[in-house]
Structures are given as structure tokens and as C-alpha cells.
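**Q** Residue numbers (my numbering), protein chains in the order written: chain A, 1 to 282; chain B, 1 to 283; chain C, 1 to 323.
Bear in mind the hints are in silico, worked out from the structure with no lab data behind them. Keep in mind that the hints are not guaranteed to be accurate.
Said to hold, decoys possible - Straight line, CA to CA, 25 Å or less: simulated SDA-like cross-link-like pairs of lysine to any residue:
1. A:Lys247 to C:Glu262
2. B:Lys171 to C:Glu262
3. B:Lys18 to A:Lys260
4. A:Lys252 to C:Asp272
5. C:Lys124 to B:Lys18
6. C:Lys85 to B:Lys18
7. C:Lys92 to B:Asp185
8. B:Lys171 to C:Leu87
9. A:Lys260 to C:Asp272
10. C:Lys8 to C:Asp310
11. B:Lys188 to C:Lys85
12. B:Lys10 to A:Asp19
13. C:Lys92 to B:Leu109
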Amino acid sequence: MGNLISIKNLQVDFKQDKDSVKVVNGIDISMDKGEVLAIVGESGSGKSVSMKALMDILPENGKAYTDEMLFDGRELKNLTTKEKRLLRGNEIAMIFQDPMTALNPLKTVGAHLVEVIKRHHKISTKEAKDEAIEMLKKVGIPSPEKRLKQYPHEFSGGMRQRVLIAMALCSKPKLLIADEPTTALDVTIQAQILKLLKSLHETEGMDIILITHDLGVVASIADRIAVMNSGEIVEVGTKEEILYSPKHAYTKALLKAIPKCQKGERERLIQVDNTYVELARA
Amino acid sequence: MKNDKKRRNKMTRAAFLKDKLAILAAIFLIFIIVISIIAPLLPLEATKTDVLHILEVPSKGHWFGTDEIGRDYFARVVYGGRVSITVGILAMLMSTVLGVSIGMLAGFLGGVVDFTLMRIVDVIQSIPWLILVTVVSIFFKKGLLSIIVVIGFFSWMEIARLVRAEVMSLKEREYIQYASFLGIDTVKIILRHLMPAVMPTIIVSATSGIADAIMTESALSFLGIGIQEPLSSWGKLLQAAQSNLQNSIYMALIPGLLIVFTIFSFNKLGNLLRIYLEPSRAS
Amino acid sequence: MSTLIEIKNLSKHFAVNRKLFGAKKETVKAVDDISFKIEKGETFGLVGESGCGKSTLGRTIIRMLEPTEGQIIYDGTDITNIKGKELKNIHKRMQIIFQDPYSALDPHMTVKEIMSENISMLGKKTEEEQEEIIVSLLNKVGLTASDMYKYPNEFSGGQRQRIGIARALAVNPEFILCDEPISALDVSIQAQVVNLLSDLQNEFGLTYLFIAHDLNMVRHISDKIGVMYLGKMVEIGDSDEVYFNPKHPYTKALLESVPGIEPENILDLDRDIIDGDIPSPLDIPRGCRFHTRCPYATERCKTEQPELYDYKDNHKVACFNCL
Numbered sequence: 001m002g003n004l005i006s007i008k009n010l011q012v013d014f015k016q017d018k019d020s021v022k023v024v025n026g027i028d029i030s031m032d033k034g035e036v037l038a039i040v041g042e043s044g045s046g047k048s049v050s051m052k053a054l055m056d057i058l059p060e061n062g063k064a065y066t067d068e069m070l071f072d073g074r075e076l077k078n079l080t081t082k083e084k085r086l087l088r089g090n091e092i093a094m095i096f097q098d099p100m101t102a103l104n105p106l107k108t109v110g111a112h113l114v115e116v117i118k119r120h121h122k123i124s125t126k127e128a129k130d131e132a133i134e135m136l137k138k139v140g141i142p143s144p145e146k147r148l149k150q151y152p153h154e155f156s157g158g159m160r161q162r163v164l165i166a167m168a169l170c171s172k173p174k175l176l177i178a179d180e181p182t183t184a185l186d187v188t189i190q191a192q193i194l195k196l197l198k199s200l201h202e203t204e205g206m207d208i209i210l211i212t213h214d215l216g217v218v219a220s221i222a223d224r225i226a227v228m229n230s231g232e233i234v235e236v237g238t239k240e241e242i243l244y245s246p247k248h249a250y251t252k253a254l255l256k257a258i259p260k261c262q263k264g265e266r267e268r269l270i271q272v273d274n275t276y277v278e279l280a281r282a
Numbered sequence: 001m002k003n004d005k006k007r008r009n010k011m012t013r014a015a016f017l018k019d020k021l022a023i024l025a026a027i028f029l030i031f032i033i034v035i036s037i038i039a040p041l042l043p044l045e046a047t048k049t050d051v052l053h054i055l056e057v058p059s060k061g062h063w064f065g066t067d068e069i070g071r072d073y074f075a076r077v078v079y080g081g082r083v084s085i086t087v088g089i090l091a092m093l094m095s096t097v098l099g100v101s102i103g104m105l106a107g108f109l110g111g112v113v114d115f116t117l118m119r120i121v122d123v124i125q126s127i128p129w130l131i132l133v134t135v136v137s138i139f140f141k142k143g144l145l146s147i148i149v150v151i152g153f154f155s156w157m158e159i160a161r162l163v164r165a166e167v168m169s170l171k172e173r174e175y176i177q178y179a180s181f182l183g184i185d186t187v188k189i190i191l192r193h194l195m196p197a198v199m200p201t202i203i204v205s206a207t208s209g210i211a212d213a214i215m216t217e218s219a220l221s222f223l224g225i226g227i228q229e230p231l232s233s234w235g236k237l238l239q240a241a242q243s244n245l246q247n248s249i250y251m252a253l254i255p256g257l258l259i260v261f262t263i264f265s266f267n268k269l270g271n272l273l274r275i276y277l278e279p280s281r282a283s
Numbered sequence: 001m002s003t004l005i006e007i008k009n010l011s012k013h014f015a016v017n018r019k020l021f022g023a024k025k026e027t028v029k030a031v032d033d034i035s036f037k038i039e040k041g042e043t044f045g046l047v048g049e050s051g052c053g054k055s056t057l058g059r060t061i062i063r064m065l066e067p068t069e070g071q072i073i074y075d076g077t078d079i080t081n082i083k084g085k086e087l088k089n090i091h092k093r094m095q096i097i098f099q100d101p102y103s104a105l106d107p108h109m110t111v112k113e114i115m116s117e118n119i120s121m122l123g124k125k126t127e128e129e130q131e132e133i134i135v136s137l138l139n140k141v142g143l144t145a146s147d148m149y150k151y152p153n154e155f156s157g158g159q160r161q162r163i164g165i166a167r168a169l170a171v172n173p174e175f176i177l178c179d180e181p182i183s184a185l186d187v188s189i190q191a192q193v194v195n196l197l198s199d200l201q202n203e204f205g206l207t208y209l210f211i212a213h214d215l216n217m218v219r220h221i222s223d224k225i226g227v228m229y230l231g232k233m234v235e236i237g238d239s240d241e242v243y244f245n246p247k248h249p250y251t252k253a254l255l256e257s258v259p260g261i262e263p264e265n266i267l268d269l270d271r272d273i274i275d276g277d278i279p280s281p282l283d284i285p286r287g288c289r290f291h292t293r294c295p296y297a298t299e300r301c302k303t304e305q306p307e308l309y310d311y312k313d314n315h316k317v318a319c320f321n322c323l
């Protein structure tokens, strides 16, 4: 299996007035084809920003530098703006924590899907609609014909996330970047969405980078885990390595801060001393 | 908070210095206000008539010339400005106090109180404004006070609406709910928790309120139902200048331009305040 | 142990206008006929997914919201309908900590001003006395005396939550409603706040009603757990009993959906996972409210509503199939 992503020495700066703040501090990320990679960290760790840098969708005051940024063998730094946009639409897709921000409240769900489908295939609106119904079926939305005519606000949070995933699937992307896709959802719905992501990974051959703060979510779906803290990757390894024999002090502390679900005496939670992160956010 | 204040000061100062017109506006307003305050100390007589020198053109003795009964027009303009600015500020104060209290009550108490107060606002706002003021001012004794009351009483609706909307969203904030949970008096909640939060809205709308009040006063005086002789205001001067428009057009231009500049300046400063008070929303 | 709070058949309904010109007002039964007890000194954990009414229930119990029906008995006195001074006195004994540390503190006040407001509820105090109390409370929650003069936006989320806790403690309450106090915080900060809450409980003998959707955390902190679904209590019992021996299909589904990190607790995505969405509280299904998603639902479940019954000591379930 080949290498899907290889990023070397990624740095991201944010300009604030005249000062610039380093949010991502020289990280290396590599990912093989056929993998689910999880990037874990707390808020302000730079996990989301580093993926936005890969997608080239940083906010205006952000600037990324890398020595190398390879996607499927191509150097992204050499692409023109137009080529980057095509890459974003066709080969890399992204879904977010709050699906509502990515959907236009004035357009029906069907219209969203038809627009995306027609961008990728030269087909009639009628055919695009059939395709859209197929897509909704694929992501497990019941009675898709009816749902197609509804507006985003008529969908629950979990259903909206499914719509977003359906839209991402239209271009048959090689990579899906999911930024906290289940954080805003209830646990039973979270489990449904994770199940859907896993089955799409297996059936559609779509690789996934999952950005999350929840180690439990990671444990259920990831093959490899990168732990980020304060703009640096402190530890990378397989799921088993990170969860059951962590090397770095931060990873260890993070794992101990989670309550155990074993029977018997409840131990006191171990507190992570992460004053740096606390201060940075203050 | 300290950093925040520093940043806002910086932003506002930057916006101020970049905006040459804003600097001019500030200088102009300070000048006008200082002159208005110290007017009685200046060797100006606005009411002394001199039938031998009527409708004189500007000269060394009479900077702006004289009017049709020989009064020094410069003195008339200065004293007129005094009246215009006084009306503007006092009417604004009145409408702000009324608007803020009514908006607060309606927004905070909600229910029947809110419904009743807002329907009153609707009714007053639905009557063409100028007609209303005209009719009312006919019944009032003419004078400075009544013009202030009339303007103040008919211009509080907008600010009441703004304050009400803001209070209604603030009411959902947990710190307000917590204060009522603790059993703190309504009045204390309003003064301590709601007032500071709606202050930016009030200040911004008050600055433009002054401009509006000056404008209204001018319009009323121009129509002859505002300030009465021997007092003058810029609107009043404008009205008087009509009859001499052909030979002394400057008599209309001077108060007219002063009205325009003053209103512009107040609005300009209102914008700067907005940048200071709501840095995220300005730009 | 004696009972601190007893809830009898408590309901809270909200009227909503669904259509723009709809004359007919609909009611949302956010809390529907719930009864349970909270013992002195214990932590009662309340879990459920969004829209289940757990927050509404909590806030109705402390009389932040007016109950529609039922009774709230606090330390032997019926507080369901008390008003004015009596209510104010009861509110000195019960406090609340909010989920969102950003909206819970007045951004225009310093920490000192925020806390003085609570302290003054206990009667007049001099400036020095107030400051003394504030400093000791701030130290209790891990902040320093100099933090007194800062504004809320100078603190991080975790620190604000500490201020919220210090404020609640300022009136020497017996009971604190913790309304999702950790949901908005990072994992490492969650642990700090949870540890702080249990330390304070030991020191002051506090009773907590702890609302959360993180089952692991609720089980960690609670002595008893109540599970809510669409305004109804579906299962209630000792914490470990509910957690390790769940009887209601909803509790089971909820627990099975929790992603754990130990090998035996990892969420298995290849297994069957509970289907369907949570129905809207405006369209509550007839019969058992869970029957639309329940894999064991029978005809009876679709028409008849099950009541809580004793499955065994300190474990009640509302399900026909567990009878």
C-alpha cells in the first residue's frame, strides 16, 4: 500500500495585530492508503488548524509553511489555486462539527446534493436527483425521496451530518477529513455516525482523517493515532500503542483523566497539568 | 479586560486618525460647543436692534452683517446655535431616558406589559411624525421647554425598540436568570446587570439622537411652529432668511451649513463610538 | 441517611406556538410525571440525550422554573408553591452551576462584584468581611486572591467554572444542581472540575444533582443514576447497578453506544447499533416513548405506557419486558 499523505515540518502562523502566533509548530504527518488516522488533542492544540492547512482553507490571517506536502504522490505546494480547488472538490472532502454552517438554510437538501453531483458528472438534473436519492440511501437516511425536498432545519443534527457525508461522497474522494464530526451529537447518534463512517471506509475505499478530542471515539474507529498538544505532535503510533502503552507523559495523563468503566472502587481522576494550554486560551 | 481596553483604544484611535473627516468633525463640535457655552461672556448682543443699519453686508463691525431690523447676525447665529444644541441635547436626554426605561420594562417583564407598551410604540410610530408634532405643538405654549418636550416625547420609540430587543436576548443569559434565581430585585437586576450590557447601544443611539433632534427643531422652527422671537435657532434663522434670499443669500447659507455640519459631526462621532464599543461589529 | 429532596409526580409543560397564526397552543411535556428522592450527602446523576428534559427537571426542582404539576418537598417542607421571602430563603440553601461558563458570569462585573452579590444575600457585611470570605472561597476552588479584581473574560473556561462553583458556595448551600458543568470543558479540565466537586462535597457535606450526558463521568461521580428519555424517567437505581446491570432497553442502548478505551469497552461498530432518531418532544410517541427505537417493542408497548416498578431494591425500571 502506498503513501497517501506525507507532510514534513508543517508550521502555521496566525497574525494578530502585528504579532504572529505560532499555532502549529513544525509537525510531520504521514498516512498510508487504506488507513483511518486520528488526530487527538484538546482545544487549542492545533489539530484542526493543521488539517485546514492541508486543505488550504486557513482563515485569512493564517499562513502555513512546509518543507513537503505530498498528497497521493503530488506536491501540493506546486499546485495553482485552481488545481487546489479541484483537488478539494474531487479528492479530499471535509465535514465539520456543526453541519448547519456548511448547509444553506434556504436551499433544500436535494438542491445541495444535485449541485454537488452536477459539478462532478455531466448529467441531467433528473439523473442527478436519482443519484442524490442513491446517496441519501447510502448514508442511511430513511425515505430519501421525501427527505430530498426538505430543508436543513427539518433535519436533526445526526441527519444533517449524514447529508454532509453524502455530499462529501458525491465526488468519490480518496480522503475524508472529519473535524469533530460527532462532538455535537448524542451518544446513540454518535455511534450511528461512526458506524456509517467505518462502513464507508470499508466499502467505498475512502480513507479518513478524524480530528477529535474524544479518545473513546478514536478507539472505536482509528488505525493510527497522532496526539497533539500545543501545536506539536507529541506521540504517533498504532491505536494499541497509544491507548495501552503510551510513551509520552501528556498521552499518559490524558488517558488517566478519563474515568474507567470497570466495576469496583472509583479511583480519583488524575488531573493533567496543562497550564500552558489553559493560559494560551485565557 | 485591560488588554481589551487597550486594543479598543488603539482601534478607535487608528480609525479616528485615518478618518480626516472625523478629526474635523471633532474639532468643529468642540468649537461650536465651547462658543455656545461662553457666548454670554462675549461682547455679542443678539437682541439689540439698530434700524439705521439693516441688512448690511458682512463687515469688520458685523462679521455676518445685520438682519432686517439691524441685529448683529453673527450674534444671532451664535445664540441660535446655543438654542439648537441645547434643544438637541436635552431632547435627546429625554427621549433616551423614556426609550431606555420603556424598552427595559417591556423587554424584561415581557407578557402583558411588553404587549401594551409595544402597541403604544406602534401607534405613535404609525402616525406621520411631522403632522403629529405640528398638531401637538399648536396646543402647547410656545417656548424652548415645550419644543424640547415635544421632540423628546415623540422620538423615544426607536431606542425603546432597540433596548427591548437587546434585553430580551440578555434575559436568556444564564447570569441574568441566576440573578433572579437569587431573588435580587428587578430594579437592581436592571441597573446592575442589564444597564452595562445595553450601554453601547444607548450611547450610539443617543449621539445620533442629538443630530435627529437638532434636525427636527430646525424643521419645526423653519415651519414657524418651533422657537419663537426673540429667541433664535438655526432653523429659525433659516426661516427668517427666506424673505431676503435674493440679496443676502449668505443669511440662509450660514445657518444651513451649520446645521448640516453639526448633524454630520454628531453622526460621525456616533460611528467612532460604535467602533470603540462594539469592535467586532464595526468595520 | 435521610431524604433531602422528594419529588412527587412532578411535571413541567411548556406552551409553544407551532404555527405562525395557529390559534391552538401546543404543550411540550418536557418533564412528565416524575417521582424520585435524593438523599442527604449523595450525588444523584441524571443522564439522557438532548431533549429528554433533564435540565428542565433540575431547574424545576430548584424552583428556577415553575412546576406545572406535582410536589417538591425539600427537607420536609413543601416548596412547590412558596413565593417571595420564603422562596428566597430556600434559594440560599440550593444553588446551581451552569454548563456554559461563558454565559453564567456577568462579563461587566469583576469576580469580587459577582461574588459579593451572593454573599450579600446572607445579610449585611463590611467590605473587609466580604473580601475575607471571597479570598477563602477562591482559595478553596484553586484560584488566588488577586483573581478577585479580574473580569470573567480574563479566565479560561475551566477557571470560569471554578468561579461559578465559588459563587455557588458563597451562600453555604446544602444542595447544588450541577447542570452539565463539565460538558463544555476539555478532558483534562473536566477531571479537575470533577475532583474539585467531590472534594467540596466531602468538606461541606453537599448534596449534588449532577446532570450530564457523559455516562462514564456520571457513573464516576454519582451514587445513584436516573435515566431519562423524552420527559420520562425510564430507569433509576444505584450507580453501579444501573451501569453494570441495565434493564431498560434504552439504558442498554445508551451504555452500548458509549465509546470506551479499555479493550472490552471499545465501541464495536460492526455490531448492531440502536437505530433511529430521538423523536421530537412535540411529537411524543403514544405508549412507551421508546417503542419507536426499541428492538424488543411489542404491541402492548405501542399503546400502553409502562410505569416505574421495583426491579429489585434500589433499582426501578419502566419497561413491560422486564417484568
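**Q** For every hint, state whether the structure bears it out.
**A** How the hints compare with the structure:
1. A:Lys247 to C:Glu262: holds, 17 Å
2. B:Lys171 to C:Glu262: Violated, because 44 Å separates the two Cα atoms, which is more than 25 Å.
3. B:Lys18 to A:Lys260: violated, 59 Å
4. A:Lys252 to C:Asp272: violated, 32 Å
5. C:Lys124 to B:Lys18: violated, 52 Å
6. C:Lys85 to B:Lys18: violated, 57 Å
7. C:Lys92 to B:Asp185: holds, 15 Å
8. B:Lys171 to C:Leu87: Holds, at roughly 21 Å.
9. A:Lys260 to C:Asp272: The hint holds at about 24 Å.
10. C:Lys8 to C:Asp310: holds, 16 Å
11. B:Lys188 to C:Lys85: holds, 17 Å
12. B:Lys10 to A:Asp19: OK: B:Lys10 and A:Asp19 at ~15 Å, within 25 Å.
13. C:Lys92 to B:Leu109: Answer holds: C:Lys92 to B:Leu109 is near 24 Å, not above 25 Å.
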